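Working from the sequences, and respecting the hints, build out all of it.
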Amino acid sequence: MLQSILNTINSSKTALSVSELSRKLDIEENALEGMIMQLVRMGKLKINDYADLGACPISSCSKHECSSCGQSRFLIKTYSVIKSQKV
Amino acid sequence: MTTQHHLAYTRREGFAVDYGREIEEEIVKLQFEIDKNTDISRKYPARWLAIKLLEQDEDVYEKLSHYSNGKVLLESTRESLDHLSIIFGDDVDTIIADRRYGWINGLVKEFVKKTRPDRINTSDQIDKFVTNQFLGIPIFLALMWVVFKFTTDVATPYLTWIENVINGPITNWASGILGVTGFSSTWVESLLLDGVIGGVGGILVFVPVFIALYMALAFLEDSGYMARGAFVMDRVMHLVGLHGKSFVPLVVGFGCTVPALYATRTLENPRDRILTGLLVPFMSCGARLPVYVLFASVFFPENAGMVVFWMYIIGILIALVIGLLLRKTMFKTKEVFPFVMELPPYRMPTFKSIWIHTWERTSSFIRKAWTVILAASVLVWFLLAIPVGGKGSFGNTPAQHSIFGKISSVAAPLFAPLGFGGWETSGSLITGISGKEIIVSTLSQVYGLESTLPENDVTSSFVEDLKYIITSFGTATLDTVKTIPSIVGVDLLDNDEDVVEASLMTAVREKFNASSGGHGKLAGFAFMLFVLLYTPCIVSLGAEYQELGAKWMWLSIFGQFLIAWIISFVVFQAGILFAVV
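For the record, the sequence lines run as chains A and B.
When the letters of the first sequence are read in order and numbered with my numbering, they come out as residues 682 to 768.
When the letters of the second sequence are read in order and numbered with my numbering, they come out as residues 14 to 594.
Treat the hints as calculated values from the structure; they're not laboratory data.
Please read all numbers here as calculations on a predicted model, not as lab measurements.
Keep in mind that the hints are not guaranteed to be accurate.
Said to hold, decoys possible - In silico DMTMM-like pairs for lysine to aspartate or glutamate, Cα to Cα no more than 20 Å straight-line:
{"no.": "1", "chain 1": "B", "residue 1": "Lys365", "chain 2": "B", "residue 2": "Glu234"}
{"no.": "2", "chain 1": "A", "residue 1": "Lys758", "chain 2": "B", "residue 2": "Glu281"}
{"no.": "3", "chain 1": "B", "residue 1": "Lys126", "chain 2": "A", "residue 2": "Glu710"}
{"no.": "4", "chain 1": "A", "residue 1": "Lys758", "chain 2": "B", "residue 2": "Glu234"}
{"no.": "5", "chain 1": "A", "residue 1": "Lys727", "chain 2": "A", "residue 2": "Glu701"}
{"no.": "6", "chain 1": "B", "residue 1": "Lys126", "chain 2": "A", "residue 2": "Glu714"}
{"no.": "7", "chain 1": "A", "residue 1": "Lys758", "chain 2": "B", "residue 2": "Glu355"}
{"no.": "8", "chain 1": "B", "residue 1": "Lys534", "chain 2": "B", "residue 2": "Glu315"}
{"no.": "9", "chain 1": "B", "residue 1": "Lys534", "chain 2": "B", "residue 2": "Glu523"}
Rendered as structure tokens:
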């Protein structure tokens, strides 16, 4: 199950949405989200949630972190495969 | 494997995950070992502990090491793990997780009943069109066009209102205070009126533009569409050989280049990171918007929204072309880093949420106006106040004969072939390196000093000024309401009315017409392209230095300047040649 998730992500040439992945693998979306988190815990997938981008150098910015910056609201949570990892 | 173990597995009953014959047999084997140790089996359920041992749970290993016979159990676990590794050729803990989630999936499919299936189905139905590989891009472009049409149409009446308030009542009040305190007709008056109010006020005029834009974007974000827009953009990235994940920093670049450069950290490959970092500044950040709105309103008043929209699209297209060229030359790679995106379900945004997000961004712009832009405006004022060549005195010299005027005049010939060779324009492009919106505040200051417009009516009373502010706000609101139907082509505005043009707009039109030999519209468009493409602001350069290194920062400084110059030159000269406008 987890291996098939990684295989599907690896074989995709473009970004996949969780819904698309759910349809392709015929897995319930909620269950798939749990599986993705398990893959993250196991070090097979990485979350790119931009929480560790560091302090913003814009002096007028009161947030001091890009992740909480109003200008960065386009940031979308993504998961990417950590290379040379196999389930 | 003993017969006893096998029987135990086949007789297993109750609610339990089936991990498959091989793993279950090893679980049972370990359960027998655990049951032999009563002090352990009393404390932990045998099956749970056996699974944890096979998953190599560090916490459990540590706890067992404190028991007298724990080591024997750990040795048995090692044997089981070796045996399973030979069978599966992989980590046993991942096999266990795989089986567990397979079982969960089956369970969910069989028993889970969705409580809100309609909403999920609606999201899926909308996504069929919105993320469709053929319809996705046209839908995205159409929505972006509506955003910019809404932004320019809705904001214009308020923009004029704020400018009239700043140039009227606020300037009157400041003059009054200066008169009372004895600073009237001194350099302090010039600093306050031309430096602070002219510079900061010149940029605060654009607050309604930001409010309108951020409201429209907040609506799209909160509705769940913006994530789809980014998802669709990913496919465009792949078409030109860019890394799919590059789209996230590039889309962030529409807000501000600095966090966008930081967002490149999420790209694993350093070459992808550098390539994306070099393309980010081509995205039109929010700071360029006042320049676009000002010049589009001056030279393309009928199609201002469309022109602003095209500036954003041109930025994307140029980034894609440059990305493609760099990918084929300096950044060759065939490595692919696939990924998954979370797309939120569609929902109807609330006004409160839209307003919070709008204000969060707008207040950031206002803070910048009172810090960075104020500092830059005061500095520009000082440079404008210091005479060179003995013409005039401090604070009372013709702008062209000030330090600022002289430095700008040296750079001006460089821009003459692009149609905007006036010293004021070249000066604004120099100060624009400290922040792109400062181009507008500098133009406002310089043209303000040169302005020959009649003096403000300083005789109006405080109450009359307040009355003017309130009534003109009402008129602006009424005009805004009338402009909303124009987004769908219904024009309710009385076009026969005399439109009172802002003084800055008049000055820009006259100066650009003069510097381009009567091709002001073409020169204005070339100037917008130049501002879109030329050297990033100083904070972005700092981020480039930090994230990409000095070499790439210098490439960005000179490379972007060269690209901006060439494209603006081609547009202006070709426009004249083919008599476009």
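Consistency of the hints with the structure:
| no. | hint | verdict |
| --- | --- | --- |
| 1 | B:Lys365 <-> B:Glu234 | holds, 14 Å |
| 2 | A:Lys758 <-> B:Glu281 | holds, 16 Å |
| 3 | B:Lys126 <-> A:Glu710 | holds, 13 Å |
| 4 | A:Lys758 <-> B:Glu234 | holds, 14 Å |
| 5 | A:Lys727 <-> A:Glu701 | holds, 19 Å |
| 6 | B:Lys126 <-> A:Glu714 | holds, 17 Å |
| 7 | A:Lys758 <-> B:Glu355 | holds, 6 Å |
| 8 | B:Lys534 <-> B:Glu315 | holds, 13 Å |
| 9 | B:Lys534 <-> B:Glu523 | holds, 11 Å |
Violated hints: none; the structure is consistent with every hint.
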